[in-house]
Amino acid sequence: MVAAPLSSRNLALALAYLLPSVTAHIALWDPAMYGWDPNDPNQSEPVTPLYNLTFNQWWFHGYINDPPAAGAMMNLPSGGTYHGQVACNKALTTYGDNPPQQTGLYACEGDLPAGGTGAMHTSDAWESPDPVDVMGCGIAIAYESDVTKIKPSDFTVITVNYTCPWFKHVDFQIPSDLPPCPEGGCHCVWGWVHNIDAGSEQMFLNGYRCNVTGATGTVALPQAEVARKCPVEKSNCTIGSKQPHYWLQQEQNNNLQGYYDPPFYNADYGFTNGAQTDLFAAVTSSTCNRRKRALQTMYDSPTALERHEKRNANRRARVAARDTAGQLVPANASSPLFTAPVESEQESLELALGLRRGPREGSALELGLGQARRRTSSGMVARKTC
Numbered sequence: 001m002v003a004a005p006l007s008s009r010n011l012a013l014a015l016a017y018l019l020p021s022v023t024a025h026i027a028l029w030d031p032a033m034y035g036w037d038p039n040d041p042n043q044s045e046p047v048t049p050l051y052n053l054t055f056n057q058w059w060f061h062g063y064i065n066d067p068p069a070a071g072a073m074m075n076l077p078s079g080g081t082y083h084g085q086v087a088c089n090k091a092l093t094t095y096g097d098n099p100p101q102q103t104g105l106y107a108c109e110g111d112l113p114a115g116g117t118g119a120m121h122t123s124d125a126w127e128s129p130d131p132v133d134v135m136g137c138g139i140a141i142a143y144e145s146d147v148t149k150i151k152p153s154d155f156t157v158i159t160v161n162y163t164c165p166w167f168k169h170v171d172f173q174i175p176s177d178l179p180p181c182p183e184g185g186c187h188c189v190w191g192w193v194h195n196i197d198a199g200s201e202q203m204f205l206n207g208y209r210c211n212v213t214g215a216t217g218t219v220a221l222p223q224a225e226v227a228r229k230c231p232v233e234k235s236n237c238t239i240g241s242k243q244p245h246y247w248l249q250q251e252q253n254n255n256l257q258g259y260y261d262p263p264f265y266n267a268d269y270g271f272t273n274g275a276q277t278d279l280f281a282a283v284t285s286s287t288c289n290r291r292k293r294a295l296q297t298m299y300d301s302p303t304a305l306e307r308h309e310k311r312n313a314n315r316r317a318r319v320a321a322r323d324t325a326g327q328l329v330p331a332n333a334s335s336p337l338f339t340a341p342v343e344s345e346q347e348s349l350e351l352a353l354g355l356r357r358g359p360r361e362g363s364a365l366e367l368g369l370g371q372a373r374r375r376t377s378s379g380m381v382a383r384k385t386c
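So the sequence shown is residues 1 to 386, counted in this note's numbering.
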């Protein structure tokens, strides 16, 4: 009995299943992707790696003029988890139309002993439950609804998964302090750079229209900086918001490391696994430094010190027995400058400047004015020492 010939469509699906470990790469699949083809369940072009390309070729994977359908949105739940799907072909995800192909656990499948590791550019053993060589991938956000106005430096990495891409279903934890997106939504990019020990070097980057759902943050994200390499010397890590890696292209790279020194989305570049909770850290650090300089000036000026002492005399009674380090207070409540009784305002300033040790090391007493605030879900304000 002679088997019926495969249709061209079924043949394409069969090849997509059998060959990805050799010919394919990886993308994060979502209908809000730029370049998404709703009529092609076997789509694979967005997984093409990016190397030595002009800006227009690599930016948004070259799909800047091919936006997602109206209303399509990658929804990122504030303080929750975005459940994504990374794969070497759309057919392997739930967005394909061949269910038998969608049952695999991994971002790419293969029949050889190495499985789909070729597409994932990793030396990890196939089916390893804890891969360590995939180097991580991340999602970054830009608070601009008009994609033509966005610059690479506008994006801030908000979440990272160290074991991506490996498992097809991948979770990205979203920070809880993100502000709402503007009308029309935000834009996001997914990025990944693989290790040097498994294939030629390249960058992976795809763009999406996105939205932060349930957002309650009231402070705009600060300008993100380039993520510096800091595998050993952690003091060299970039503090606070960090940009995605733009690397190995003809133009507009923000990372100038060489071909055999790829940048990653992991601890070697200051990224934590999960939601990036340090997005405002650089702002807080800068604010604290300015406050401490102001205090130093005040300490050096007897006239300013006298005015300062008079202005705060009426606050002393309220703070006589209270150390507010980490204490929740109403957002509209008056804030005591200092958090414990002292002999004089000069001693308070000395404590704030670190020139005098307070009664309990690590308390708010040691930093005085240097208190950063963050809004909580209850509408209260928590103070943190700088």
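Hints were generated in silico from the structure; no laboratory data involved. Warning: the hint list may mix true and false statements.
Claimed, not checked - Derived pair list, reagent style EDC-like, types lysine to aspartate or glutamate, alpha-carbon separation capped at 20 Å: (1) Lys149 to Asp66; (2) Lys234 to Asp197; (3) Lys149 to Glu201; (4) Lys229 to Asp261; (5) Lys234 to Asp278; (6) Lys151 to Glu183; (7) Lys151 to Glu45; (8) Lys229 to Asp278; (9) Lys229 to Glu183; (10) Lys151 to Glu225; (11) Lys234 to Glu201; (12) Lys229 to Asp197; (13) Lys151 to Glu251; (14) Lys149 to Asp278; (15) Lys149 to Asp197; (16) Lys229 to Asp268.
Against the structure, the hints come out as follows:
1. Distance hint between lysine 149 and aspartate 66 is fulfilled; the C-alpha atoms sit about 16 Å from each other, no more than 20 Å.
2. For the proposed pair lysine 234 and aspartate 197, the alpha carbon gap of about 24 Å is over 20 Å, so the pair is violated.
3. For the proposed pair lysine 149 and glutamate 201, the alpha carbon gap of about 30 Å is over 20 Å, so the pair is violated.
4. Distance restraint check for lysine 229 and aspartate 261: the Cα-Cα separation of roughly 10 Å lies within the 20 Å cut-off, and the hinted pair is therefore satisfied.
5. Among the hinted pairs, lysine 234 with aspartate 278 is consistent with the structure: their alpha-carbon atoms are about 15 Å apart, no more than 20 Å.
6. Taking the CA atoms of lysine 151 and glutamate 183, the gap is near 19 Å; set against the 20 Å cutoff, the hint holds.
7. In summary, the hint linking lysine 151 to glutamate 45 is not supported, as the alpha carbons are separated by about 24 Å, beyond the 20 Å threshold.
8. Distance restraint check for lysine 229 and aspartate 278: the Cα-Cα separation of roughly 17 Å lies within the 20 Å cut-off, and the hinted pair is therefore satisfied.
9. Note on lysine 229 and glutamate 183: the hinted pairing is violated, with a Cα-Cα distance of about 36 Å set against a maximum of 20 Å.
10. The straight-line distance between the Cα atoms of lysine 151 and glutamate 225 is roughly 13 Å, inside the 20 Å bound, and the hint therefore holds.
11. With a CA separation close to 26 Å, the supplied pair lysine 234 and glutamate 201 exceeds the 20 Å bound.
12. Restraint check: the Cα-Cα separation between lysine 229 and aspartate 197 comes to about 19 Å, which is no more than 20 Å; the hinted pair holds.
13. Distance hint between lysine 151 and glutamate 251 is fulfilled; the C-alpha atoms sit about 13 Å from each other, no more than 20 Å.
14. With a CA separation close to 26 Å, the supplied pair lysine 149 and aspartate 278 exceeds the 20 Å bound.
15. With a C-alpha separation of about 37 Å, the suggested pair lysine 149 and aspartate 197 falls outside the 20 Å cut-off, and the hint is violated.
16. For the hint linking lysine 229 to aspartate 268, the alpha-carbon distance of about 6 Å falls within 20 Å, and the restraint holds.
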